[in-house]
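Enquirer: We have chain A already, so just place chain B on it with the hints.
The lines below spell out each chain.
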Amino acid sequence: MSSVADKPAWSVLWLALPTLMPLTVVLGSWLHPQPEVWAHLNEFVLPAVLKNTLLMALGVAAIVSVLGVGLAWLTSVCEFPGRRWFAWSLVLPLALPAYVLASVMVGLFDYSGPLQTLLRSVLGPLSLPPTRSMGGAIVVFGLVLYPYVYLLARQAFLTQGKRSLEAAQTLGMPRWLAFFRVALPMSRPWWAAGITLALMEMLADFGTVAIFNVDTFTTAIYKAWLALFNLPVASQLASLLALAVLLLVWFEQRAIAQRQYAANAVDARLERLQLSGVARWLACAACAAVLLFAFVIPLLQLMVWAYAVVRHDWDDRYWQFIGHSLMLSSLSALIVVAVGLWLAYAQRQHPDLITRLLVRTSTLGYALPGILLSVGLFIPVAWLDQQLHPLWQSWGVDPAPVLKGTLLVMLLAISARFMAVGFEPMQAEMQRITLSQQQAAHSLGLNRWGVLHKLYLPLLRSGWLGASLLVFVEVMKEMPITLMTRPFGWDTLAVRVYEMSAEGMWDRAALPSLCIVLVGLLPVLLLVRQSER
Amino acid sequence: MQSDLMQIDLMQTDLMQSDLMQTDLMQRDSMPNQRLPALELNDLTLSYPGTRGPQVVLSGVSLSLNQGEIACLLGPSGCGKTTALRAIAGFHPLQSGSIRLLQQEVGRAGYQLAPEHRNMGMVFQDYALFPHLSVADNIGFGLYRRSKREREQRVAQMLELVGLRELAQSAPHQLSGGQQQRVALARALAPQPALLLMDEPFSNLDVTLRERLALEVRGLLKQTGTTAVIVTHDQLEAFAVADRVAVLAEGRLQQWGTPMQLYHRPQNRFVARFIGEGMMLQGEMSADGKISTELGVFKPESLPEGLNHGDVVDLLVRPDDIQHDDASPLQARVLAKAFRGAQFLYTLALPSGQQLLSLVPSHHDHAIGEAIGIRLELDHQVCFAA
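Heads up: the sequence lines are chains A and B, in that order.
So for the first sequence, the working numbering puts the first residue at 9; every next one is plus one.
So for the second sequence, the working numbering puts the first residue at 26; every next one is plus one.
With the rest of the complex left out, here is chain B:
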């Protein structure tokens, strides 16, 4: 196990070709939108047959993904994200709506193009490698219609890409979890699919490996220009790997946007709570559209509709919005603290009793019960009707 981890560590450096990764990360939030949509979900509704009629698991989901982009379906377990993925792959029927791949309809109510005709690759949660075939034969499996020479060339290319050339003749069970995942990825990518689907690709791996492998996978997908949809329940994974994230909960699409948008511009309370940490600070609407709170007066860029003067609203305050400042006249009492290495996460109580979270560099070690000075630096002002 130990040696496996080290091996992955070493390969990591090859794959993460730093320039590629960095430029890519910077581009993410200013996405050029001139490419064609690769995948379009229109008003997608999915259900399972139940004893009392169909049980709807997901309804009215619409989104569009451009070629070369990576999307994540993110949500708590049971939100229907895996069902959505299986519907895109062609394994689950649609109750209504439609799925279009490269402008071609592949599924609607009463019609499913068979999975083998969709030109989509899929990486399964348990990888589903074929135990009776070697690594090379697993990767070449989807190329069974090509000539032997062509197949061998492509397999060699894929082995090179995922850095497993020396393991080509191994059996899947001889590989570590991370290596198996890369074989599964190479197998799915070998036939050059129009769309790659990945179902919880990192959930079977060691926790310490996950984020790195997520970056590694992102690097590979960008390198090959692959459009991909990845299902996950882990937001850090989603942030690490995705250009765009669809937050699914309670059978609906809660928000569809870039990771930055989800964190800083959550469209509703669910997304605000589900993504990142934070607390709601109570405020009151004033006549000129400003909100006055215990920590000052703010003017949000946008406000929920139907709010009137004097209404109570909740302002989203992230732990990084609260700065520790000994000189500040604003004082808050430390209720609890969690050491996170570089930082402390303090739970603070304002004089009124309202609670806030604050991330503070860990050389500021304050005792519980102590009062510390804080300052609010709210770059993104998001509020919801109380």
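Here chain A stands alone, though its shape is the one from the complex:
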């Protein structure tokens, strides 16, 4: 065994390629600086993009931290009517992709939407702030992404117990002040990681900013590639995006590393703070309001619109959208789970630094925006197509390029993007199998394949079932990669949502949106069931 463990698992290098390659390609674009490209970017693109991204990041960070930390505090430490119910239902907005909430919001609140029309008919001409603006985008991101902070902060507050707060109280500090001086700083490693996750999602988003007409990195890359067909510009922009994202990854990893010191002994009997008269109803109202705006109203609106258009809109094309979505999701789930299992197994057999670094790299995709992965994978695959051109011709396949027209780039990019989603649950399950169990199997005469087949696969069942469900749903919601790398005419539900929203037909976007949301509820309910103890 020791001879195997000493060597890094080089097989993992191949599995890390789908993330390693796009990162190298994109960051490598700095090696060929193109002054005229930069002059153009500097003048027309970067100022607005940088300003928008920064402002949006600040706004989203503010909203998700206030909502996430505040609601987590209420539902984990305080007691008020409906607390148990809110504790899990506040996770539900995770089921809504940001672009779906965006299309509902714009449809509802825009100039021609029902709300403003009603107001005008009652009050006469109005001048309200425009819905399709950065402010709108910030609100949508805040409402959709706060559960990341909520879930992590809640975990922190539940494990902290009340002991530290009591200690502060015996030192003469009132409870509200102790929240800011003790509970908040102590839980920072959790909620800080939650905020970075939310910001990663925001940077990766394409659909929402497209709907709200906000120029960001993703829309700029999209335009450079698909409108201007300028790949160098696209990859230069993507490299800046990559830097921003890697910075966030660094922040996140640092926060996670700090957790081991901040964790306190779990207080077995956590007595909650009983909120008094008015405060308990205010708490209840705050939770209800967030849930209403982030989930209930959008879902109801989707249903109303979908019901209105379903008779005219539903035709054979829909079966195609659904078929494509299902096919893409299942294929990706299969790939991700198989690769994820191999990564977890390899890391266990070869716990050396190189293997761990490679595994970390191959699961980095959760932070990398789909657009970046698409650009970074499209360039080398196109190059490969070029090299293989004579071969294709000799086989009589014309017109070349061939690879570009298949699902290859899309599947590679999607697997890279969601590898962590599949890997983490299996890694967690695998830690429950002890090394001596494995050694016992070897001593009973099983070889490596036998151990994998007879020991790991059956014991990891709940791990890979959960992982494949999560990946399936994530891919269902995925928009930018599919949009940019699908073969011509190969549309999915998410693509349909984009196309309808792009033309301002919010009611017609509702039908595919509703399908996605309903599928998306599955893993959220699973998550809720796990967290309810």
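To be clear, the hints were calculated from the coordinates, so they are not data collected in a lab.
Just so it is clear, the structure is predicted and the values come from calculations on it, not from any experiment.
Glycine included, every Cβ here is placed at the ideal spot set by N, Cα and C.
Misleading hints may appear alongside valid ones.
Listed below are the simulated DSBU-like cross-link pairs for lysine-lysine, each with C-alpha atoms no more than 35 angstroms apart in a straight line [what the hints assert, rightly or not]:
| hint | chain 1 | residue 1 | chain 2 | residue 2 |
| --- | --- | --- | --- | --- |
| 1 | A | LYS59 | A | LYS231 |
| 2 | B | LYS247 | B | LYS324 |
| 3 | A | LYS231 | A | LYS412 |
| 4 | A | LYS170 | B | LYS324 |
| 5 | A | LYS170 | A | LYS462 |
| 6 | A | LYS170 | B | LYS315 |
Computed beta-carbon distance windows for the label pairs [to be verified]:
| hint | chain 1 | residue 1 | chain 2 | residue 2 | range |
| --- | --- | --- | --- | --- | --- |
| 7 | B | GLN194 | A | PRO89 | 17 to 25 angstroms |
| 8 | B | SER172 | A | TRP184 | 56 to 64 angstroms |
| 9 | A | LEU123 | B | THR76 | 43 to 51 angstroms |
| 10 | A | GLN282 | B | SER387 | 53 to 61 angstroms |
| 11 | B | GLY135 | A | PRO89 | 57 to 65 angstroms |
| 12 | B | GLN178 | A | GLN282 | 38 to 46 angstroms |
| 13 | B | GLN194 | A | LEU123 | 37 to 45 angstroms |
Expert: Same frame as chain A, but now just chain B:
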């Protein structure tokens, strides 16, 4: 770990300023009672909400602690001692009775002064140090209303007191268990509380360290003149640290007294069994109030009420009451023996079959089954109705 222990050893000598400790230990049993009561519990009854009405954990506890004294709440686990401490701190409501701090009522049924307004310090069982703050900031936490200069001065003073000056900027997780405990103590003492509460302060520490640290803590509290209530389940700890001990069991206060009183004058069978070792020797009341036993006739200073001539009583005999004496005509057979280093603890059987314990210097090594001479030297005669 090894170096940690040694470090504590070295600091120990500083803190235990021998004169202070010795005079203090001598004073303990002749407590001057002219000081004002710092803490008074009057008929305290505590309960937890249960599915079928409140579950009473402690009822009718009354005691009074003078300023500068150290009290221990001692009892087996589940006796309600931690709940009592939390009620004193203001974290647990009272079902009836009252708590007074410096003659001021801080709690009664339906009223709890908030913990932050009680001016009490508390050292938690797990210390509850704030992991995001340095040692110095932890100690200065309760001084958040004072000016920066004042705070720094006080923190420096406290660091000096607990001997952790060079660790001021360390994070709590870098400290050993004993050091963390001292930080927790310094943090609680920094705002000069009227009363210090400690919940099982030594239970997280290495067994070999406990008794020493208990003495160290006592030294610190006496040095600062702090009134304190300490919860523990370990009687040696309680004896090492406390001026007065409250023995709690079965939801009631069994006895409230000095360690010596608990050991030599237990008020009931529970205290007699719970504190120290010992066996009950059967005797019979005679008409003149004397008790005749297999080992002789005794005249207890006080007797349980309602005893009549001819009644059977139990006399408490501690292992140190039985002296080994080869010349003695009284013979007992060795049933079992436990080597304790300096001494053997023998379990002896009298001719009648009654068993006794005896502590004998360990150079008297007798085999099991051997008969040895014993003599009873009973300074404190305590008996209970059988």
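Enquirer: If a hint holds in the structure, say so; if it doesn't, say that too.
Expert: Going through the hints against the structure:
1. Distance check on the hinted pair: A:LYS59 and A:LYS231 sit about 18 angstroms apart at the alpha-carbon level, within 35 angstroms; holds.
2. A distance of roughly 39 angstroms separates the Cα atoms of B:LYS247 and B:LYS324; the hinted pair therefore is violated under the 35 angstroms criterion.
3. For the given pair, A:LYS231 sits about 19 angstroms from A:LYS412 by alpha-carbon distance, which is consistent with the 35 angstroms threshold.
4. Among the hinted pairs, A:LYS170 with B:LYS324 is inconsistent with the structure: their alpha-carbon atoms are about 56 angstroms apart, more than 35 angstroms.
5. Between A:LYS170 and A:LYS462 the alpha-carbon distance is near 45 angstroms, which puts this suggested pair outside the 35 angstroms criterion.
6. At most 35 angstroms may separate the alpha-carbon atoms for a hinted pair to count; A:LYS170 and B:LYS315 exceed this at roughly 58 angstroms.
7. Under the hint 17 to 25 angstroms, the C-beta atoms of B:GLN194 and A:PRO89, about 46 angstroms apart, miss the expected range.
8. Separated by about 23 angstroms at the C-beta atoms, B:SER172 and A:TRP184 break the suggested range of 56 to 64 angstroms.
9. Against the hinted window of 43 to 51 angstroms, the Cβ-Cβ separation of A:LEU123 and B:THR76 comes to about 50 angstroms, which satisfies the hint.
10. For A:GLN282 and B:SER387, the hinted distance range of 53 to 61 angstroms is satisfied, since their beta carbons lie about 59 angstroms from each other.
11. Here the CB-CB span from B:GLY135 to A:PRO89 is close to 23 angstroms, at odds with the stated 57 to 65 angstroms.
12. Take B:GLN178 and A:GLN282: their Cβ atoms lie about 39 angstroms apart, and the range 38 to 46 angstroms holds.
13. The hint said 37 to 45 angstroms for the Cβ distance between B:GLN194 and A:LEU123, and at roughly 57 angstroms that hint is violated.
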